[in-house]
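A.B. asks: With these hints in hand, go ahead and build the complete structure from the sequences.
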Amino acid sequence: MRSSSPLGVSQRPLNAKRIRVARLRRGLSQNELARLLGVTEPTVQKYEAHSAPHTVRPALGALLSFPDGFFSRGDPVQLNISSPALRPGRKTTHQQRSLAIAAATLYMDVNEWIDTRFSLPRLNVPDLPGLSPAEAARELRSAWGLGSDPIPNLVRLAELRGIRINGLPMAAAAVKSFSHWYDDRPYILLARASTPEATRFDLARELGHLVLHRHSGTPSGASHEVQATLFAREFLLPSDVLAQQLNHNPSTEEILETKQVWSVAALTLTHVARDIGHMTVWSYRSVSSELTHLGYRTSEPEGMPGYERSRLFAFVLESTRYGKLTGTRIAQELDLPPAEVHIAMLGAEHQLQPPENDDPDK
Numbered sequence: 001m002r003s004s005s006p007l008g009v010s011q012r013p014l015n016a017k018r019i020r021v022a023r024l025r026r027g028l029s030q031n032e033l034a035r036l037l038g039v040t041e042p043t044v045q046k047y048e049a050h051s052a053p054h055t056v057r058p059a060l061g062a063l064l065s066f067p068d069g070f071f072s073r074g075d076p077v078q079l080n081i082s083s084p085a086l087r088p089g090r091k092t093t094h095q096q097r098s099l100a101i102a103a104a105t106l107y108m109d110v111n112e113w114i115d116t117r118f119s120l121p122r123l124n125v126p127d128l129p130g131l132s133p134a135e136a137a138r139e140l141r142s143a144w145g146l147g148s149d150p151i152p153n154l155v156r157l158a159e160l161r162g163i164r165i166n167g168l169p170m171a172a173a174a175v176k177s178f179s180h181w182y183d184d185r186p187y188i189l190l191a192r193a194s195t196p197e198a199t200r201f202d203l204a205r206e207l208g209h210l211v212l213h214r215h216s217g218t219p220s221g222a223s224h225e226v227q228a229t230l231f232a233r234e235f236l237l238p239s240d241v242l243a244q245q246l247n248h249n250p251s252t253e254e255i256l257e258t259k260q261v262w263s264v265a266a267l268t269l270t271h272v273a274r275d276i277g278h279m280t281v282w283s284y285r286s287v288s289s290e291l292t293h294l295g296y297r298t299s300e301p302e303g304m305p306g307y308e309r310s311r312l313f314a315f316v317l318e319s320t321r322y323g324k325l326t327g328t329r330i331a332q333e334l335d336l337p338p339a340e341v342h343i344a345m346l347g348a349e350h351q352l353q354p355p356e357n358d359d360p361d362k
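In the numbering used here, the protein residues as written are 1 to 362.
Check each hint, because a few of them may be wrong.
Stated by the list, open to error - Beta-carbon label-pair distances, calculated as ranges: (1) His-215 x Ser-51: 33 to 39 Å; (2) Ser-216 x Pro-152: 29 to 35 Å; (3) Pro-152 x Ser-251: 22 to 28 Å; (4) Glu-333 x Ser-132: 20 to 26 Å; (5) Pro-301 x Ser-148: 25 to 31 Å; (6) Lys-324 x Val-241: 44 to 50 Å; (7) Pro-129 x Lys-91: 44 to 50 Å; (8) Gln-244 x Glu-112: 19 to 25 Å; (9) Met-170 x Asp-115: 46 to 52 Å; (10) Pro-129 x Pro-42: 42 to 48 Å; (11) His-50 x Ala-134: 23 to 29 Å; (12) Met-170 x Phe-315: 24 to 30 Å.
If you are wondering where the hints come from, they were derived from the structure by calculation, not from laboratory data. Idealized CB from N, CA, C, for every residue including glycine.
C.D. replies: Structure follows, in structure tokens:
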């Protein structure tokens, strides 16, 4: 955690890097922030390259919705993530990708706050760059002692293996998910704006990136995305087990029954059934058409009851070691807006007491 200076807030110098992170988190360009502040764009560029005068602090805090103290804390962490590398091929804007990276940067303060106060699970994520996606999925299942059974709560499973998972704000929902390494620990960011099944699949896909592409930098390129998708399918739906469970050319009813067992989307299961040779082209098209008619193309009727919950963040908030902990208290200690902490912690406080505002972007 980057601590703040002992001087009074009004006397501390403003941190140029934090000004930039706050601007990006709010989805603003330098020109847009300049107009809001009533200054020129070169002036904002100067703020972000060097610093800003103390007189600007109240306006920055008000316009960007950050506590005044945020701008005087130490440098934020420098994440090894580039905007173009986030889910290539997706219809996301540079602004959305930059916002997602800025959010991930902010949430590292929350993660570090927790790291310094609680003993967390040791890392258990094998490096499997030489394997095919399917082989890597089977190897990870073996390493984690999962056998070939359906995986219950994938968020908790990943946390138990030392992977840190944070949310993403609604303004970055189009990014869906991404992963990165920092100080030899993996992090996954999830925008839980789609169905629980789709979000679960996104998480499995990021696990694929972690085990297959760790030494490739931030996952980039269509080939990496294809590999991660194939990994996720095999990890969530082991093909050998599925081949034994499903009838050839399964009916729509059988697809809907089986998808409940494995907690996946009906159309995902249909794709996998086709790919393992259990459905003819005609059968695949027929079932897919019926599922679309039933609404499964845009939602997941009778799906999972909710998003998979974090046990780690719930444990932190339930702990009495440091007195009563709430997202608001953590936010105050970090000079962050409470909503940012709620997002970072996957809304874990909802399990205890609903926050007043979970996401300023909604």
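A.B. asks: Confirm or reject each hint.
C.D. replies: Results for each hint:
1. His-215 x Ser-51: 33 to 39 Å: holds, 37 Å
2. Ser-216 x Pro-152: 29 to 35 Å: Check passed, 30 Å falls within 29 to 35 Å.
3. Pro-152 x Ser-251: 22 to 28 Å: holds, 26 Å
4. Glu-333 x Ser-132: 20 to 26 Å: Given a distance of about 46 Å, which is not inside 20 to 26 Å, the answer is violated.
5. Pro-301 x Ser-148: 25 to 31 Å: holds, 27 Å
6. Lys-324 x Val-241: 44 to 50 Å: Once the Cβ atoms are compared, 45 Å apart, the range 44 to 50 Å for Val-241 and Lys-324 holds.
7. Pro-129 x Lys-91: 44 to 50 Å: violated, 29 Å
8. Gln-244 x Glu-112: 19 to 25 Å: About 46 Å separates the Cβ atoms of Gln-244 and Glu-112, which means 19 to 25 Å is violated.
9. Met-170 x Asp-115: 46 to 52 Å: violated, 27 Å
10. Pro-129 x Pro-42: 42 to 48 Å: holds, 45 Å
11. His-50 x Ala-134: 23 to 29 Å: violated, 51 Å
12. Met-170 x Phe-315: 24 to 30 Å: holds, 26 Å
Comparing the model with each earlier hint shows violations of hints 4, 7, 8, 9, 11; every other hint is respected.
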